[in-house]
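Please model the entire structure based on the sequences and the hints provided.
2 protein chains.
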Amino acid sequence: MLDKLQNFLLRLVWSIGENWAWLGRILNAWAINGVVNVCRHRPHPWSTVHDYTSWTSLTDQRWSARHLPAKKTADLPDTYALLGLFKQQDGIQRFGSKSTLLFPAFAQYLTDGFIRTRMPEADETDEVRRQNTSNHNIDMCPLYGRLPKQTDALRLKSEAAGKRGRLKSQFIGEEEFSPFLFDKDVVKPEFADLDEPLGLQKTLDNAPNPEALRAGIFAFGGNRTNGAPQVAMLNTLFLREHNRLAGEIERSHPQWNDERVFQTARNTVIVLFIRVVVEEYINHISPSIRFRADPSVAWEAEWNRPNWITTEFSLLYRWHSLIPNRVAWNGKDYAVEVTFMNNQLLLDSGLRRAFTDMSGQRAGRLGAFNTAASLWEVEARAIDQGRLCDLAPYTDYRHYVSLSRPRDFADISKDFRVVDFLRSAYRRVEDIDFYVGLFAEDPEENSPLPPLIRRMVGVDAFSQALTNPLLSKYVYNEATFSTPGWKAIHSTSALRDILNRNTVFDPLSDLYIGMTLPDWRPDR
Amino acid sequence: MLDKLQNFLLRLVWSIGENWAWLGRILNAWAINGVVNVCRHRPHPWSTVHDYTSWTSLTDQRWSARHLPAKKTADLPDTYALLGLFKQQDGIQRFGSKSTLLFPAFAQYLTDGFIRTRMPEADETDEVRRQNTSNHNIDMCPLYGRLPKQTDALRLKSEAAGKRGRLKSQFIGEEEFSPFLFDKDVVKPEFADLDEPLGLQKTLDNAPNPEALRAGIFAFGGNRTNGAPQVAMLNTLFLREHNRLAGEIERSHPQWNDERVFQTARNTVIVLFIRVVVEEYINHISPSIRFRADPSVAWEAEWNRPNWITTEFSLLYRWHSLIPNRVAWNGKDYAVEVTFMNNQLLLDSGLRRAFTDMSGQRAGRLGAFNTAASLWEVEARAIDQGRLCDLAPYTDYRHYVSLSRPRDFADISKDFRVVDFLRSAYRRVEDIDFYVGLFAEDPEENSPLPPLIRRMVGVDAFSQALTNPLLSKYVYNEATFSTPGWKAIHSTSALRDILNRNTVFDPLSDLYIGMTLPDWRPDR
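Line order of the protein sequences matches chains A and Y.
Under our numbering, the very last position in the first sequence is 534; numbers go up by exactly one each time.
Under our numbering, the very last position in the second sequence is 534; numbers go up by exactly one each time.
Source of the hints: derived by calculation from the structure; they are not laboratory data.
Please note: incorrect hints may appear among the correct ones.
Same chains, same names: a pair is fine if it fits in one copy or spans any two.
[To be verified] Lysine-lysine pairs mimicking DSS-like chemistry, simulated, CA-CA at most 27 Å apart:
id	residue 1	residue 2
1	178	194
2	159	483
3	159	194
4	167	178
5	483	82
6	194	483
7	159	97
8	483	81
9	194	97
Structure (structure tokens):
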């Protein structure tokens, strides 16, 4: 009741702020600081390297930072026994009430850029999962690669007029895509420095037509960007936008060389992307407040400190239950596991149709008893990873972000099956694993996320997106982006804005595009 | 006149602040913010990689940041012709009125830790001097190495009681030193990962007794730390302090392993060092205000942004004219070039005598016509490096740090020889090279530094020392340093405090130790 009143009042004040620019700015800054200030700010004293503060824990970013210090809990239940909380019951999928499939697609594309748990190589143990390969920044590495030599491999690097600053691409009919990675069954030599697509061999082994699947793998910067066609779709959108911007920048600055056109287009694409993160994605998550991507909020903020992705962040973003069991592409329905790494679906649909398809289907409900069978194994690995990193238990994190600390299992969910499950699995509510607690909570009213996930997403989203150096006080100006770049930034607040600049309008397929279901209305 | 009044008033207010803790804190914060806020804060939009803002210029720290964008000046005078401004006249050295030799020794030791211009390898051109090998932090890398494998090579790594957390060392009589790097004429295999001492071969080639010189080279973390015995002296002090602290920490935490004792001692040594930087070194430079190393000043400061050493900083710290032509060691007088890399002088003196010797001699006067012949070549290379990086001219930097922009050559110095030299060398005052202008200025009253150098040193000193992660809000506490470490931090504000803990009191040599000449009094 109090929540409803509060949400109503917030919406009222916000609607006034939308008409008065100065009030809107103040409200926005107040709201963002409120989201970030629920817990301690960086620098975090600890990382996964040591259980205490060391120069290594404060500076070596190959290890993941931690919000709370390591804490071992004795006598935890078996990982596979806990899977019972995640598994769909009788294969029945529950859907959420707010999100289209564009929401999980975007979440995956976004987080694959900086949540980069290091995966064990052939001769390594799971211990390496305490480390990461992240640049700890929103740098669009799925598009540009995470290392300079990868960026070089992905660039056209031509000084010819009409080609400056471009990323390599191919046209299939009217549609621009990234080049394919493979030539028959070998990686093209020009792409030798790219990271190998993660899980490709396993997917090929299980594919009905492995040759066709491999032929559709794109030369992308990210090793997870080929993971699902809706992720490849997002990267394709930003590939087109990069090349479109490079063309505009080259035309307005004919004296600039390939390097400068490229760098200026990349500056612009990164900031465009952050605008979408705040104004479409975060606002979709937010139950009441509409945030604006106003860089100046961070300029004097005490939370503006060097980014460093935490080990907790790498777990709380595993939203497997959002993935539905079946996905429709181009009018045909597929079991979700058939779509993994299957870019043929995107190639056949074309970019605009793919976006409308993803915007026309419901995402799963995030939470308990809703993960498809093909993802149970990764849920188990997530629980194990939390234990490998000695994460403090779930209730400590509630307290850490200024939420109430559950005293009883019944405080966690209104779903008696969840409460019964937890009570039978754990000795005490204080023992519940971080990962298990995150997904045992019920989604919040008007948000696709449960409260602890939403709080922690909010903290790290704002405090690591608005600290991007491109948004800093003396960098965020027209000189950094060129006139066409600056204009593009200010005419972008959602994916559809970018899509409309890069696809042809087709009355047959020009349906709704967005992360929020078109018929969704807030509960008051 | 106004300056004198201002300095008098500042000293008066400060003396009140010294008695009232809360007022002292506010005054100190106000003063530090005043020093840093004379110019733009980080992130700097540019680095030496591009003449414009790019993702690389904002994130790739192998390139040096820049305070001002690249700017080419046409028709500059020949570098060697400009050396006339630096060369001592008839070999006559001018001395400063405030500093002992401990001041330049400390400046060199300090800056060798983070001002690390990349030097060309055999097959490289001078172009690589636009890059750096810095960690961009005060991390005591001269002691610990700049790479983890170097730290490993320097550590004893023993779990035996009484040996945990120690750095490798040797005792020569009662005196503890680092181990020697060479075994006869080859580097000991255990030290293969250390950087080779810079300029060693050249120094050996010119040495009267190369075998003795090589035998005295220490296994240090820094490749310049063997450059002069007074620099080796400082590293030896911190080596002893590290091992002393490790012993105290081990005794108070007998359950801690080698790793934790090492890390905790290192945490402490880094912070001790920063305290000396602010409370002894910066206060020596400061004409009137006494600063305190209060970490909380940075906690809410808008200038608390990721460190990044600038290309300007790497030039303005080349204080060659501070180096006297002759240096006394252990009662004997040497031409300065004979002392380079000659650790035998330190070994023969012992640590305490070396400190008193350095504190008992005057440093040169920083500025024009005062560089010893052995350093002319490096002055020429510094001018060239400024041009290689297309640094904006001197007058632009005056303006940048809120100093008056000289309109005429006579505005730069009261020394008519300097003015005449500049007027005959440059067409216009606006053309003067950054490096040349820096050292053409007269030292400020009551400071060893001329005004532009002092301003720029102040900006980068505070804004990069107080941003050290060990001083951050949730890290700077007793848990990070242990009880003995925390106590050591709070009983250190000058080198002599550390020396007194690590050398035996000897009435024959217990003379003055400090950077400021004992008979110096401020001009009012």
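Each hint tested on the structure:
no., hint, verdict
1, 178 x 194, "within (19 Å within a copy, 56 Å between copies)"
2, 159 x 483, "neither (29 Å within a copy, 37 Å between copies)"
3, 159 x 194, "within (24 Å within a copy, 42 Å between copies)"
4, 167 x 178, "within (9 Å within a copy, 50 Å between copies)"
5, 483 x 82, "between (42 Å within a copy, 26 Å between copies)"
6, 194 x 483, "neither (49 Å within a copy, 56 Å between copies)"
7, 159 x 97, "neither (42 Å within a copy, 45 Å between copies)"
8, 483 x 81, "between (39 Å within a copy, 22 Å between copies)"
9, 194 x 97, "neither (38 Å within a copy, 68 Å between copies)"
Violation of the numbered hints given earlier is confined to hints 2, 6, 7 and 9; the remaining hints are satisfied by the structure.
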